[in-house]
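Protein chains in written order, with the working numbering: chain A, 1 to 448; chain B, 1 to 167; chain C, 1 to 374.
No lab work stands behind these hints, which were simulated from the structure alone. A hint or two may mislead.
[To be verified] Mimicking EDC-like on lysine to aspartate or glutamate, the simulated pairs with C-alpha atoms at most 20 Å apart in a straight line are: (1) C:199 x B:50; (2) B:123 x C:174; (3) B:141 x A:129; (4) B:24 x A:156; (5) A:181 x C:148; (6) C:101 x A:132; (7) C:101 x A:156; (8) A:246 x B:22; (9) B:11 x A:132; (10) A:146 x B:22; (11) A:188 x C:67; (12) C:199 x B:105; (13) B:76 x C:67; (14) C:73 x A:383; (15) A:181 x C:67; (16) A:181 x B:22; (17) B:76 x C:148; (18) B:104 x B:145; (19) A:181 x C:47; (20) B:11 x A:402.
[As the list claims (entries may be wrong)] Per label pair, the in silico range of CB-to-CB distance: (21) C:113 x B:111: 45 to 51 Å; (22) A:18 x B:163: 34 to 40 Å; (23) B:116 x C:44: 52 to 58 Å; (24) A:132 x B:163: 24 to 30 Å; (25) B:39 x C:65: 42 to 48 Å.
The structure presented is a predicted model; accordingly, all values stated were derived computationally and were not measured. We put the beta carbon where it would ideally sit given N, CA and C, even for glycine.
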Amino acid sequence: MKLLLENAHIEGIRNYDIYRKHGGYRAVEKALKLTPDEVVEEVKKSGLRGRGGAGFPTGMKWSFLAKPEGVPRHLVCNADESEPGTFKDRYLMEFLPHLLIEGLIVSSYALGSNLTFIYIRGEYAWIVDILEQAIAEAKNNGWLGKNILGTGFDCEIYVQRGAGAYICGEETALIESLEGKRGNPRIKPPFPAVQGLWMRPTVVNNVETIAAVVPIINLSGEEYAKIGVGRSTGTKLISACGNINKPGIYEITMTESVEEFIYSDEYCGGIPKGKRLKACIPGGSSVPIVPTNLLFKTAKGETRYMNYESLSDGGFATGTMMGSGGFIVFDEDQCIVRHTWTLARFYAHESCGQCSPCREGTGWMYRILKNLEHGKGKMSDIDLLWDVQRKIEGNTICPLGDAAAWPVAAAIRHFRDEFEWHVTHADEAQKRNFGLAHYADPRPVPAS
Amino acid sequence: MSISFSEAKRKEVNDIIARYPDGKQKGALIPILHVAQEENGGWLDIPTMDYVANLLNILPIEVYEVATFYTMFNMKPVGKYVFEVCRTGPCMLNGSDDIIQYIKDKLSITEGETTPDGLFTLKPAECLGACGYAPMMQLGKFYKEHLTKEKVDQIIEDCRKNAGVNN
Amino acid sequence: MSDTPKFKVTIDNITVEVPAGTTILNAARLIGGDVTPPAMCYYSKLENSGGKCRTCLVEVSKGSEKDPRPMPKLVASCRTTVMDGMEVKNITSERVIDARKGVVEFLLINHPLDCPVCDQAGECDLQDLSYEHGSEQSRLDFPKRTFEPEDIGPNIQLHMNRCIMCYRCVFTAEQLTQRREHGVLERGWDSQISTYLNKALDNEFIGNIIDVCPVGALTDKTFRFKQRVWFTKPMDAHRDCPTCSGKVRLWFRGEEVFRVTGRKDKWGEVEEFICNTCRFDKKRASDWVIEGPTKVNRHSVISQNHYRGAVEAQKELIREIIGKEPKMLLDIHTVSDVNRPEIHLSEIHGPSHSNDFLPNQKLEGQRKLEVGKK
């Protein structure tokens, strides 16, 4: 079942007329007949959870928005997609720009934002043109601007380009960047819902979250909540990459098993060249990596499914997280130490440098991992690495510290022998991979 | 050297500034720095940044702070074509290391360097959000994805052709 | 303001009542002693300061009377306001002690540890913090981060390698001077304080960045390498200044004024910011009306064993909290005998003189003055 990508393959769907012909902007028509609070209520009922990574219930976030008399409020769409493994928002914006604009109009109406921004990562330069084109078309057709559909509701949407900073995906850093400052996350409280953009009440939502508001309004919150399982309602976009036959964007109903997702032809289509599966990071680089033996089945032996609850079953000891849906698959030839090193380099590169544990800790972890990967490590470095990540986690201003610490912790937790092998076999370690060891894919080697 | 935007660029910049509520024009800083960098041959020097500060009526140091924070702003001159090859995890799994090495060998430059003819700069990049189309690089406004050595050859050749240089 | 409700907050088993809106750190400062978390970036006189260094992290074991749930993460006490009935653990929390040790290690891995040649030595917050919470050995196996030296003019010395990125100097320039000309450049591991232009900082009041700097990253160039601070004797003085309050601290050796600074309180914060003229240009004793020797400054080795009758750490209080003796800061005399430990600065009448510190020099009777006991 597809809610977001249903029309993605229709030729010319980027174009307003074709989008409209396929039922586009119905959600705006429907929503603007409701009161803003009723729209918020629908979103609450839908059980929609933030699709940016944290999975916080969107309706609840919206209801936290302060509404002081005479102070403008803002909605900001977080399109600063930069988490390694995650490229779903790009797809939505590139192929279905009107879906995002439609969602933004509905959401702006619900929240009372007359000035709404899409903060997009600076590298997605060509998508800025696509979005601005869509905004112009929407405006020409009366969906934006003054007195939309005669309701008296005014709304303008602008696209703002970032300029290369993962940290601006953190909502308060994003707000700072939108204000023309360095992307330093703010110290909370106050939260954006009270003092956000220009100290005005602000909601920041991910692209996919905003897009999901469209089917929620079209179907009703109640109907939307029936899709999915448990507290994982609706559909989720998964961006699959790494060593799979069919990398790309998949919309799932969160009832698929992880094994089905990797091996079925409907989704990833298995591992190329008949290789075996070694590990997977199912929710973007920040979430813990899990070896195959904990990926298909939880520690309790139950089938693991592609949803918030099942993926996190077992906590960080044996589970992982749904995160932003950046699904990275590792075949048997991949080196976990090398991969962890590139992630540590990424986080060190992206740390804003404001607080000491992150500024110093991420750079330190990167250097230790570089040594280990290049055969210059010591056995004690592994424990040191563990201790450094432990002292970053939870002690920083924003979640980047945690995001940098978790992948390192999980890699050591599950693949410690591979780290040790890099110390004991320093020369070999640079040339080839440690192998599968005990976390091997239990499936037989598929016939190629 | 003092810089000044053309009439058309002035209009573009004023349109950007007009998006922001009164007194919040500083929000336009990053979009305008993008314009300024493009106008200044791909990098930001002090006169350019001071000019932007003046446009927005903010302090020069506020511009320096922001410009040095974001990786897309080049604080040193760069080549006409900047190859920003992603090397983070998912791209690494798909062979970005080989692509980077190939470019280094082919152009005889290393990360951060520009070829003597001023055409190419190799700038190491972290995740550019194209993990499913790895290995990839950013070239100007667009992404070049599913890179192979042959594709890199083609890209370099195209760049040389566009620049009107034959060698 | 009298309408502000009072909140009860318990920190390390000691309860105080504070006006709503008070931060945990400021509530802890009311209790004082070891209950007070160390703060490297927070500065009560600078708006928006704090939250960055993470040394003041504490555990909130009970959120409030209304919502007693503990906070899951440690919080920065300098930026978290108290709630009524809140319970906070500082030195009674293993988690806090462990995290603080981590933060101190992070602050030190790239610090050059060049205290022997650093003018800040003896009055450095990072030095104090390391004695209290640091390890004896660095676990960093790599060359430390270094920055290109930048000349920011004749009055202020910037030594970026020592910086801990507290942002205090940036806030000072923003909030005290007419035009901020330095800031934080680059990001992450490479973030640095700079003007980007090698520009001399000469705005009125910019000299205060020296006083707010918790480490030796910004020091007084006019005082550079002239004296170790523990050889100089601080005297409070004032002058009729058209620009600032003119209330300063003069640092004497002999009859000579080596340095002029603001007057720091017991938390190491200046009471009033002073102008550049007072700080850099008034270096003669005759420029000033001298009020007398400075009372003890708990942040400084100057206070260690030098002042008789100075306020001692609240030993009783600490025993009550954790049932153990407070940890002594390192006494400079255990590692160096350059100064004669038997001579107490407060016993020297008037400004100290280098002769006072010659080995085996007996103090002349008439030079003794019991100022320390007042």
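Going through the hints against the structure:
1. As the CA atoms of residue 199 of chain C and residue 50 of chain B are separated by approximately 14 Å, the hinted pair is consistent with the 20 Å bound.
2. Among the hinted pairs, residue 123 of chain B with residue 174 of chain C is inconsistent with the structure: their alpha-carbon atoms are about 35 Å apart, more than 20 Å.
3. With a C-alpha separation of about 11 Å, the suggested pairing of residue 141 of chain B with residue 129 of chain A holds against the 20 Å cut-off.
4. With a C-alpha separation of about 16 Å, the suggested pairing of residue 24 of chain B with residue 156 of chain A holds against the 20 Å cut-off.
5. At most 20 Å may separate the alpha-carbon atoms for a hinted pair to count; residue 181 of chain A and residue 148 of chain C exceed this at roughly 25 Å.
6. Under the criterion of a C-alpha separation no larger than 20 Å, the hint pairing residue 101 of chain C with residue 132 of chain A is inconsistent with the structure, at around 50 Å.
7. Restraint check for residue 101 of chain C and residue 156 of chain A: the C-alpha separation of about 50 Å exceeds 20 Å, so the hint is violated.
8. Restraint check for residue 246 of chain A and residue 22 of chain B: the C-alpha separation of about 49 Å exceeds 20 Å, so the hint is violated.
9. Only pairs whose Cα atoms come within 20 Å are accepted, and residue 11 of chain B paired with residue 132 of chain A is accepted, the gap being roughly 17 Å.
10. Restraint check for residue 146 of chain A and residue 22 of chain B: satisfied, since their Cα atoms lie roughly 19 Å apart, inside the 20 Å limit.
11. At most 20 Å may separate the alpha-carbon atoms for a hinted pair to count; residue 188 of chain A and residue 67 of chain C meet this at roughly 18 Å.
12. Proximity of residue 199 of chain C to residue 105 of chain B is assessed by CA-CA distance (about 41 Å); at most 20 Å being required, the pair is judged violated.
13. Between residue 76 of chain B and residue 67 of chain C the CA atoms are separated by roughly 54 Å; this puts the pair beyond 20 Å, and the hint is violated.
14. Taking the CA atoms of residue 73 of chain C and residue 383 of chain A, the gap is about 23 Å. The hint is violated against a cut of 20 Å.
15. Between residue 181 of chain A and residue 67 of chain C the alpha-carbon distance is near 36 Å, which puts this suggested pair outside the 20 Å criterion.
16. Among the hinted pairs, residue 181 of chain A with residue 22 of chain B is consistent with the structure: their alpha-carbon atoms are about 17 Å apart, no more than 20 Å.
17. This hinted pair checks out: residue 76 of chain B and residue 148 of chain C have alpha carbons roughly 17 Å apart, not beyond 20 Å.
18. Restraint check for residue 104 of chain B and residue 145 of chain B: the C-alpha separation of about 18 Å stays at or below 20 Å, so the hint holds.
19. With a C-alpha separation of about 17 Å, the suggested pair residue 181 of chain A and residue 47 of chain C falls inside the 20 Å cut-off, and the hint holds.
20. As the CA atoms of residue 11 of chain B and residue 402 of chain A are separated by approximately 44 Å, the hinted pair breaks the 20 Å bound.
21. Between residue 113 of chain C and residue 111 of chain B, the C-beta spacing of about 31 Å breaks the proposed range 45 to 51 Å.
22. Restraint check, residue 18 of chain A to residue 163 of chain B: a C-beta distance of roughly 38 Å satisfies the suggested window 34 to 40 Å.
23. In this structure the hint that residue 116 of chain B and residue 44 of chain C lie 52 to 58 Å apart at CB holds, the actual value being about 56 Å.
24. Restraint check, residue 132 of chain A to residue 163 of chain B: a C-beta distance of roughly 29 Å satisfies the suggested window 24 to 30 Å.
25. Between residue 39 of chain B and residue 65 of chain C, the C-beta spacing of about 60 Å breaks the proposed range 42 to 48 Å.
Checked against the numbered hints given earlier, the structure breaks hints 2, 5, 6, 7, 8, 12, 13, 14, 15, 20, 21 and 25 and satisfies all the rest.
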